[in-house]
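Colleague: If you want the building blocks of each chain, they are given just below.
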Amino acid sequence: MELHDVWFVLIAVLWTGYFFLEGFDFGVGVLTKLLARNRPEKRVLINTIGPVWDGNEVWLLSAGGATFAAFPEWYATLFSGFYLPLLLILVCLIVRGVAFEYRVKRPEENWQRNWETAIFWTSLIPAFLWGVAFGNIVHGVKIDQEFNYAGGVLDLLNPYALLGGLVTLALFTFHGTVFVGLKTVGEIRERARKLALRVGPVTALLALAFLLWTQSDRGDGASLVAVIAAVASLVVALVAARARREGWAFALSGLTIVATVAMLFLTLFPNVMPSTLNPDWSLTVTNASSSPYTLKIMTWCAAIATPVVMVYQGWTYWVFRKRIGTQHIAETVH
Amino acid sequence: MDLALAPETLARWQFGITTVYHFLFVPLTISLAALTAGLETAWVRTEKEKYLRATKFWGKLFLINIAMGVVTGIVQEFQFGMNWSDYSRFVGDVFGAPLAFEALIAFFFESTFIGLWIFGWDKLPKKIHLACIWMVSIGTLLSAYFILAANSWMQHPVGYRINEEKGRAELTDFWLVLTQNTTLNQVFHSFSAAFLTGGAFMVGIAAFHLLRKKHIPVMRTSLRLGLVTVAVGGLLTAVSGDTLGKVMYEQQPMKMAAAEALWDGEKPAPFSVFAYGDVDKGHNKVALEIPGLLSFLAHSDFESYVPGINDTNKALQEKFGPGDYKPIVPVAYWGFRWMIGFGMASLAIGLLGLWLTRKKFLLPAAWRTGEDEVPHLVLFRKPLRPRLTRLYWLVAVWTMAFPLIANSWGWIFTEMGRQPWVVYGLFQTRDAVSPGVSQAEVITSLIVFTTLYAILAVIEVKLLVKYVKAGPPELTEADLNPPTKIGGDSRDADKPMAFSY
Chain A
1 MELHDVWFVL IAVLWTGYFF LEGFDFGVGV LTKLLARNRP EKRVLINTIG PVWDGNEVWL
61 LSAGGATFAA FPEWYATLFS GFYLPLLLIL VCLIVRGVAF EYRVKRPEEN WQRNWETAIF
121 WTSLIPAFLW GVAFGNIVHG VKIDQEFNYA GGVLDLLNPY ALLGGLVTLA LFTFHGTVFV
181 GLKTVGEIRE RARKLALRVG PVTALLALAF LLWTQSDRGD GASLVAVIAA VASLVVALVA
241 ARARREGWAF ALSGLTIVAT VAMLFLTLFP NVMPSTLNPD WSLTVTNASS SPYTLKIMTW
301 CAAIATPVVM VYQGWTYWVF RKRIGTQHIA ETVH
Chain B
1 MDLALAPETL ARWQFGITTV YHFLFVPLTI SLAALTAGLE TAWVRTEKEK YLRATKFWGK
61 LFLINIAMGV VTGIVQEFQF GMNWSDYSRF VGDVFGAPLA FEALIAFFFE STFIGLWIFG
121 WDKLPKKIHL ACIWMVSIGT LLSAYFILAA NSWMQHPVGY RINEEKGRAE LTDFWLVLTQ
181 NTTLNQVFHS FSAAFLTGGA FMVGIAAFHL LRKKHIPVMR TSLRLGLVTV AVGGLLTAVS
241 GDTLGKVMYE QQPMKMAAAE ALWDGEKPAP FSVFAYGDVD KGHNKVALEI PGLLSFLAHS
301 DFESYVPGIN DTNKALQEKF GPGDYKPIVP VAYWGFRWMI GFGMASLAIG LLGLWLTRKK
361 FLLPAAWRTG EDEVPHLVLF RKPLRPRLTR LYWLVAVWTM AFPLIANSWG WIFTEMGRQP
421 WVVYGLFQTR DAVSPGVSQA EVITSLIVFT TLYAILAVIE VKLLVKYVKA GPPELTEADL
481 NPPTKIGGDS RDADKPMAFS Y
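Protein chains in written order, with the UniProt record's numbering: chain A, 1 to 334; chain B, 1 to 501.
Don't take each hint at face value.
What the hints assert, rightly or not - Here are the simulated DMTMM-like pairs of lysine to aspartate or glutamate, each with C-alpha atoms no more than 20 Å apart in a straight line:
{"#": "1", "chain 1": "B", "residue 1": "Lys267", "chain 2": "B", "residue 2": "Glu250"}
{"#": "2", "chain 1": "A", "residue 1": "Lys296", "chain 2": "B", "residue 2": "Glu170"}
{"#": "3", "chain 1": "B", "residue 1": "Lys466", "chain 2": "A", "residue 2": "Glu108"}
{"#": "4", "chain 1": "A", "residue 1": "Lys142", "chain 2": "B", "residue 2": "Glu441"}
{"#": "5", "chain 1": "A", "residue 1": "Lys322", "chain 2": "B", "residue 2": "Asp494"}
{"#": "6", "chain 1": "B", "residue 1": "Lys319", "chain 2": "B", "residue 2": "Asp431"}
{"#": "7", "chain 1": "B", "residue 1": "Lys314", "chain 2": "B", "residue 2": "Glu303"}
{"#": "8", "chain 1": "A", "residue 1": "Lys322", "chain 2": "A", "residue 2": "Glu187"}
{"#": "9", "chain 1": "B", "residue 1": "Lys214", "chain 2": "B", "residue 2": "Asp372"}
{"#": "10", "chain 1": "B", "residue 1": "Lys127", "chain 2": "B", "residue 2": "Asp489"}
{"#": "11", "chain 1": "A", "residue 1": "Lys322", "chain 2": "B", "residue 2": "Asp122"}
{"#": "12", "chain 1": "B", "residue 1": "Lys246", "chain 2": "B", "residue 2": "Asp311"}
{"#": "13", "chain 1": "A", "residue 1": "Lys33", "chain 2": "A", "residue 2": "Glu187"}
{"#": "14", "chain 1": "B", "residue 1": "Lys281", "chain 2": "B", "residue 2": "Glu250"}
{"#": "15", "chain 1": "B", "residue 1": "Lys360", "chain 2": "B", "residue 2": "Glu373"}
{"#": "16", "chain 1": "A", "residue 1": "Lys296", "chain 2": "B", "residue 2": "Asp173"}
{"#": "17", "chain 1": "B", "residue 1": "Lys281", "chain 2": "B", "residue 2": "Asp242"}
{"#": "18", "chain 1": "B", "residue 1": "Lys466", "chain 2": "A", "residue 2": "Glu109"}
{"#": "19", "chain 1": "B", "residue 1": "Lys285", "chain 2": "B", "residue 2": "Asp264"}
{"#": "20", "chain 1": "B", "residue 1": "Lys281", "chain 2": "B", "residue 2": "Asp301"}
{"#": "21", "chain 1": "A", "residue 1": "Lys33", "chain 2": "A", "residue 2": "Glu109"}
{"#": "22", "chain 1": "B", "residue 1": "Lys485", "chain 2": "B", "residue 2": "Glu474"}
{"#": "23", "chain 1": "A", "residue 1": "Lys322", "chain 2": "B", "residue 2": "Asp489"}
{"#": "24", "chain 1": "B", "residue 1": "Lys267", "chain 2": "B", "residue 2": "Asp311"}
{"#": "25", "chain 1": "B", "residue 1": "Lys246", "chain 2": "B", "residue 2": "Asp264"}
{"#": "26", "chain 1": "B", "residue 1": "Lys469", "chain 2": "A", "residue 2": "Glu108"}
{"#": "27", "chain 1": "B", "residue 1": "Lys166", "chain 2": "A", "residue 2": "Asp144"}
{"#": "28", "chain 1": "B", "residue 1": "Lys462", "chain 2": "A", "residue 2": "Glu108"}
{"#": "29", "chain 1": "B", "residue 1": "Lys359", "chain 2": "B", "residue 2": "Glu371"}
{"#": "30", "chain 1": "B", "residue 1": "Lys246", "chain 2": "B", "residue 2": "Asp301"}
{"#": "31", "chain 1": "B", "residue 1": "Lys495", "chain 2": "A", "residue 2": "Glu187"}
{"#": "32", "chain 1": "B", "residue 1": "Lys166", "chain 2": "A", "residue 2": "Glu187"}
{"#": "33", "chain 1": "B", "residue 1": "Lys166", "chain 2": "A", "residue 2": "Glu146"}
{"#": "34", "chain 1": "B", "residue 1": "Lys214", "chain 2": "B", "residue 2": "Glu474"}
{"#": "35", "chain 1": "B", "residue 1": "Lys267", "chain 2": "B", "residue 2": "Asp301"}
{"#": "36", "chain 1": "B", "residue 1": "Lys314", "chain 2": "B", "residue 2": "Asp372"}
{"#": "37", "chain 1": "B", "residue 1": "Lys462", "chain 2": "A", "residue 2": "Glu109"}
{"#": "38", "chain 1": "A", "residue 1": "Lys142", "chain 2": "A", "residue 2": "Asp280"}
{"#": "39", "chain 1": "B", "residue 1": "Lys126", "chain 2": "B", "residue 2": "Asp431"}
Rather than coming from a laboratory, the hints here were simulated on the basis of the structure.
Based on the sequences and whatever the hints tell you, model everything.
Modeller: Laid out in structure tokens, this is it:
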């Protein structure tokens, strides 16, 4: 395995970390409309991710930065090519971050309601768009000889990619429901469980359709294993949610995300962004990667930093391990 | 294509707007993180309540500010790819590494520990809680360091080779990129300017309250801390600005000649105080100058030759081929002056304040004040008259804005002064834009970001004003009795959280 292959795996790991972690906090954002019945419940939901969403989002920045460093051509083609969808994602992430931090900074009900609405939309839209983006990356897009994206924005909205968008949206919402089941007490916990049982089957069907489509297009033995792992763990997650084994349900829905991302990267390799115009114009781990020296330095950095990050982020989750309910939400705003 | 709407022009405007805007928050975040950490340290060590109240007050303003810094920073991570894909392809091997280091090391640090700090008041023992804000502070400093190393490489590329076959620069010595003198000087200059900014912010807000005789114990402490920060930060900014300037005379003589509107080389060279000139013909019509000072700024003596814009341009043409290698001279010239002028004005007002509010030194005993009194502003033997006192506090309030203006112009000068290069001597800005991105797309994103940022600016400033006016919060029982166990004491199982969204 050469260094650029290692970096292909590491980029996959960073995206997996991002979707695993921000996945449930996008899901929680969506649930503020689907699950919460009143304002205190909304606040409970938002507070389940309050201390951690920002750290979760850094997995995206790391994926972006690491792609820039390890695969500059991929970074350049991807973000200039998917310009408008990326713009929309960035706008959502900006508004979302501000919404979390500024929501309680004023007591007026209108103010808070507006930011809550913002949290819903800015969680839902990126949750959908990331799926669309990855659908297009895996499927391939019109890339010309100079490695520039030659298609239009409408080309990105093809059925396969849109299905991918629905899959990530459903998957993250499901992941969010089991997370809420794990992190709350009281009535909302029970309703989260019921909602999980309704969202789960839909998610399973969408994921199955998308993954089989991918598998039939360009799958191999390894990717088939990932498909089976993804769908099986989703089904077992549902069983666990039904049996009120919330920890297991969450771990298994996380495993579904891991297996799904693994499946996508397995079918992608050795390409990083295939060209539908001419296979010779595809970006691959070899023609898109940085020099061995840069990759070596980056490998050292990632090998040391990533485990440390996991330890202290894990510690954060342990510090905030207690379940919360409406009784923990203070009346007064700080 | 119309030059004003050329993709390069639009992309540059977008980069300028988003980056200058982002950098309004960065220096405040860097300095307020450290100052808040300092105040919390004082609380943990002395258990004086005024320090905890100060920590909560400044911490709140810090949080309102860092939220904007973080979200506008997201754009920075991606816009090289969006608008500058050819740049990204050319430099990614070198430039990407510090960016990735920044994310993997600094961003994770900052954003994880900020969550612990915000929500951890009733979950963490006080020393661990304190450690969290220090971690945030370290994160902000590391983040700035890596990104400045990346920028310094654009100013003065080192530790690379050109791979002709791939048409790109490749890293050969990462350590050199991190430690070259451009990096070290930029880091020194930016860090000290950041503390000047945060100090002035603290002084301004403390002055606002002291003028109204409110929240005196907290604001008195804050005022002193702010003034000392301004004085130290400001003096170091001046020193580092001088050394960075000398480095730039070596590395980018054109930028420095433009900064002085020095059209033709002179020996000894004068420092320009005011100039108005004809850019096309390449000379000044009006010029007010201090003889010899520029030679000193460039080379530490009053004699030596400093090359001008016209001769540097000629030298660059010989080296890099035909073309115009001058930046927009008036922007460089005035940017340089606004940077120094506003920066040093805030230092002067800070030094004056430090003297006026001195506690004992050369201060007649009659004018010494206690912990809960507004300090007298004593020039020599007697306090200033009420109108002058009021004037000083008001000036101090307005001075909050000065370092922000200075920082912005400093970056505008640094970046525009390097033009037409994006990587000095290696790669020109016109070659850096994304060829696949349409004019309509760039206009869209330019409008979207500008509008969004303008709206957020209004919201942010209103919130800051609200929390500034509210003053430091009263302390609660829970504030004074932090938990002894990680995760919170079990007796508190059903108590409302100390902080919740």
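Colleague: Each hint needs a verdict: does it hold in this structure or not?
Modeller: These are the hints, each one checked on the structure:
1. The straight-line distance between the Cα atoms of B:Lys267 and B:Glu250 is roughly 16 Å, inside the 20 Å bound, and the hint therefore holds.
2. Taking the CA atoms of A:Lys296 and B:Glu170, the gap is about 13 Å. The hint holds against a cut of 20 Å.
3. Between B:Lys466 and A:Glu108, the direct Cα distance comes to roughly 13 Å. Compliance with the 20 Å bound is thereby established for this hinted pair.
4. Our distance criterion of 20 Å between C-alpha atoms is met by A:Lys142 and B:Glu441, whose separation comes to about 18 Å.
5. Distance hint between A:Lys322 and B:Asp494 is fulfilled; the C-alpha atoms sit about 11 Å from each other, no more than 20 Å.
6. Distance check on the hinted pair: B:Lys319 and B:Asp431 sit about 19 Å apart at the alpha-carbon level, within 20 Å; holds.
7. Distance check on the hinted pair: B:Lys314 and B:Glu303 sit about 23 Å apart at the alpha-carbon level, beyond 20 Å; violated.
8. Annotation: proposed proximity of A:Lys322 to A:Glu187 holds, straight-line Cα distance about 16 Å (limit 20 Å).
9. Simply put, B:Lys214 and B:Asp372 have alpha-carbon atoms about 10 Å apart, close enough for the 20 Å limit, and the pair holds.
10. A C-alpha spacing of about 15 Å is found between B:Lys127 and B:Asp489, which places the hinted pair at or below 20 Å, so the restraint holds.
11. A hinted pair counts as satisfied when its Cα atoms are at most 20 Å apart, and A:Lys322 with B:Asp122 qualifies at roughly 12 Å.
12. With a C-alpha separation of about 19 Å, the suggested pair B:Lys246 and B:Asp311 falls inside the 20 Å cut-off, and the hint holds.
13. Using a Cα cut-off of 20 Å, the hinted pair A:Lys33 and A:Glu187 holds, with the two alpha carbons roughly 16 Å apart.
14. About 26 Å separates the Cα atoms of B:Lys281 and B:Glu250, which puts this hinted pair outside 20 Å; it is violated.
15. Distance hint between B:Lys360 and B:Glu373 is fulfilled; the C-alpha atoms sit about 15 Å from each other, no more than 20 Å.
16. A C-alpha spacing of about 12 Å is found between A:Lys296 and B:Asp173, which places the hinted pair at or below 20 Å, so the restraint holds.
17. Pair hint B:Lys281 plus B:Asp242 does not hold up; C-alpha atoms about 30 Å apart against a cutoff of 20 Å.
18. Among the hinted pairs, B:Lys466 with A:Glu109 is consistent with the structure: their alpha-carbon atoms are about 17 Å apart, no more than 20 Å.
19. The suggested pairing of B:Lys285 with B:Asp264 holds, with an alpha-carbon distance near 13 Å, which does not exceed 20 Å.
20. Between B:Lys281 and B:Asp301 the alpha-carbon distance is near 30 Å, which puts this suggested pair outside the 20 Å criterion.
21. Our distance criterion of 20 Å between C-alpha atoms is met by A:Lys33 and A:Glu109, whose separation comes to about 16 Å.
22. The hinted pair formed by B:Lys485 and B:Glu474 fails the criterion: a straight-line CA distance of about 24 Å is larger than 20 Å.
23. With a CA separation close to 11 Å, the supplied pair A:Lys322 and B:Asp489 stays within the 20 Å bound.
24. Between B:Lys267 and B:Asp311 the alpha-carbon distance is near 13 Å, which keeps this suggested pair within the 20 Å criterion.
25. Distance restraint check for B:Lys246 and B:Asp264: the Cα-Cα separation of roughly 19 Å lies within the 20 Å cut-off, and the hinted pair is therefore satisfied.
26. The straight-line distance between the Cα atoms of B:Lys469 and A:Glu108 is roughly 17 Å, inside the 20 Å bound, and the hint therefore holds.
27. Between B:Lys166 and A:Asp144 the CA atoms are separated by roughly 17 Å; this keeps the pair inside 20 Å, and the hint holds.
28. Using a Cα cut-off of 20 Å, the hinted pair B:Lys462 and A:Glu108 holds, with the two alpha carbons roughly 14 Å apart.
29. Distance restraint check for B:Lys359 and B:Glu371: the Cα-Cα separation of roughly 11 Å lies within the 20 Å cut-off, and the hinted pair is therefore satisfied.
30. For the hint pairing B:Lys246 with B:Asp301, the CA-to-CA distance comes to about 12 Å; that is within 20 Å, so the pair holds.
31. A C-alpha spacing of about 18 Å is found between B:Lys495 and A:Glu187, which places the hinted pair at or below 20 Å, so the restraint holds.
32. Among the hinted pairs, B:Lys166 with A:Glu187 is inconsistent with the structure: their alpha-carbon atoms are about 61 Å apart, more than 20 Å.
33. A C-alpha spacing of about 12 Å is found between B:Lys166 and A:Glu146, which places the hinted pair at or below 20 Å, so the restraint holds.
34. Of the supplied pair hints, the one linking B:Lys214 and B:Glu474 holds, its CA atoms being roughly 13 Å apart against a limit of 20 Å.
35. About 11 Å separates the Cα atoms of B:Lys267 and B:Asp301, which keeps this hinted pair within 20 Å; it holds.
36. Our distance criterion of 20 Å between C-alpha atoms is broken by B:Lys314 and B:Asp372, whose separation comes to about 65 Å.
37. The suggested pairing of B:Lys462 with A:Glu109 holds, with an alpha-carbon distance near 17 Å, which does not exceed 20 Å.
38. Under the criterion of a C-alpha separation no larger than 20 Å, the hint pairing A:Lys142 with A:Asp280 is consistent with the structure, at around 12 Å.
39. For a cut-off of 20 Å, the pair hint linking B:Lys126 to B:Asp431 is broken: about 53 Å separates their Cα positions.
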